[in-house]
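Add chain B with the ligands to chain A, keeping to what the hints say.
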Amino acid sequence: MGASQPHDPRGALVRPYAVTRGRTEPQRDIPIEAVLVASQAAMQEARFAGHDKYRIAVLCEPRAQSLAEIGAYLRLPLGVARVLVADMIADGLLSLHSAAPKEGFAERMDLLERVLSGLRKL
Amino acid sequence: MDFASSERAGAQPKEITSAKIVVAGGFGVGKTTLVGAVSEIEPLTTEAVMTSAGQGVDDASKVPGKETTTVAMDFGRITMADDLILYLFGTPGQTRFWFMWDELIRGAVGAAVLVDTRRITDAFAPLDYFENRHLPYLVALNCFDGAPRYEPAEVREALAIPAHVPLIMCDARHRDSVKTVLVGVVEHAMATLVNEHGRGSPATVG
Ligand SMILES: Nc1nc2c(ncn2[C@@H]2O[C@H](COP(=O)(O)OP(=O)(O)O)[C@@H](O)[C@H]2O)c(=O)[nH]1
Ligand SMILES: [Mg+2]
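Top line first, the protein sequences correspond to chains A and B.
Mapped onto my numbering, the consecutive letters of the first sequence carry residue numbers 1 to 122.
Mapped onto my numbering, the consecutive letters of the second sequence carry residue numbers 1001 to 1206.
Next up, chain A with everything else stripped away, as it sits in the complex (with noise of 0.2 Å):
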């Protein structure tokens, strides 16, 4: 883990499944629901990288938003914000979060547990 890029300046900020860079296409699949993150310093560089690009760096960094969240909030339809989306994740410049376990067992009743706990809670 991270352990592949103690030289990138941007190290601290590539998560490790953030790492896409060198591949050719980006990750065209995000799901609607997938959560983005962007930290303070990745916004600052997200300056030099175009208007929306920028905006979305900055609707990301004081709360985790959602693909369709950065598609109403900035008013980008779905698919131009997840072009933009899968190329700031490749350039290190928000961090992708995941959408619930679709396998096992476990893992899906664990989140299925938390979902309705949180549900009763409202």
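For the record, the hints were derived by calculation from the structure and aren't laboratory data.
If you're wondering where the values come from, they're calculated on a predicted model, not measured in any experiment.
In this text, a Cβ means the ideal position worked out from N, Cα and C, and glycines have one as well.
One or more hints might be untrue.
[Unchecked claim] Straight-line distance between alpha carbons at most 27 Å, and here's what the computed DSS-like set of lysine-lysine pairs gives:
1. A:Lys-121 / B:Lys-1179
2. B:Lys-1014 / A:Lys-121
3. A:Lys-102 / A:Lys-121
4. B:Lys-1014 / A:Lys-102
5. B:Lys-1179 / A:Lys-102
[To be verified] Simulated coverage check for chain B against chain A, where a stretch passes if three residues somewhere in it have a Cβ under 8 Å from a Cβ of chain A:
6. 1015 to 1024
7. 1030 to 1039
8. 1078 to 1085
9. 1101 to 1107
10. 1176 to 1188
This is chain B with the ligands only, laid out in the frame that chain A set:
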């Protein structure tokens, strides 16, 4: 809760899991109202551009000459913990946008199909959709004022809702009622999962 909860203090940020529940049903059945009753944010709208052939488009300029349509989805958010967020997505009302429903249900915990008893036939298409998908769902009768009151058994028969699908009454405007619907979806998802696990089938969602 463990020690450093502030990401900015340099602690390794926690992995945040997000889950979603889909609220389906015809136009005007109360999907956005239901989402708004429990969401911590005013329901938002996200738009997807599609070709008339039903494919997602990320750049409209790539498909010159092809007709595109914009599909809108309303959604809300419930932040349950600093590492858990639940999203509620309303399906696009028109059933011709089924391809968008496919994207919405992928990875979902489960779904609630809202039914307005004044326009019960509007529920046929959404119910058919879920009957043919591998996603736990329940049916929630949204009780509009002045709508004819049916016994749940009558509605179940009229809509040919299978016995294993829960059917409940709700008022999409009321938080407690919506909470009951969502709790019902999750409990049904758990029961389905346990059942499939017991039968040894490696169920994946969506
Ligand atoms: N009386 C009553 N009105 C409702 C209820 N749910 C929704 N409505 C109203 O029905 C209309 C359509 O609801 P909306 O949530 O926009 O439907 P959607 O198209 O499925 O998102 C709105 O004017 C709501 O205020 C309900 O449970 N009871
Ligand atoms: Mg609506």
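Each hint tested on the structure:
The straight-line distance between the Cα atoms of A:Lys-121 and B:Lys-1179 is roughly 10 Å, inside the 27 Å bound, and the hint therefore holds. Simply put, B:Lys-1014 and A:Lys-121 have alpha-carbon atoms about 22 Å apart, close enough for the 27 Å limit, and the pair holds. Taking the CA atoms of A:Lys-102 and A:Lys-121, the gap is about 25 Å. The hint holds against a cut of 27 Å. For the proposed pair B:Lys-1014 and A:Lys-102, the alpha carbon gap of about 20 Å is at most 27 Å, so the pair holds.
With a CA separation close to 24 Å, the supplied pair B:Lys-1179 and A:Lys-102 stays within the 27 Å bound. Closer than 8 Å: that is the beta-carbon criterion, and the segment 1015 to 1024 of chain B has 6 residues meeting it against chain A, so the requirement of 3 holds. Only when three residues or more bring their CB closer than 8 Å to a CB of chain A does the claim for the segment 1030 to 1039 of chain B stand; here the count is 1, and the claim is violated. Coverage of the segment 1078 to 1085 of chain B by chain A holds [criterion: at least 3 residues with CB-CB distance below 8 Å; count 5].
Note: the segment 1101 to 1107 of chain B has 4 residues with beta-carbon separation from chain A under 8 Å; the three-residue rule is met and the coverage holds. With 5 residues bearing a CB less than 8 Å from a CB of chain A, the segment 1176 to 1188 of chain B meets the requirement of three and the coverage assertion stands.
Comparing the model with each earlier hint shows a violation of hint 7 alone; every other hint is respected.
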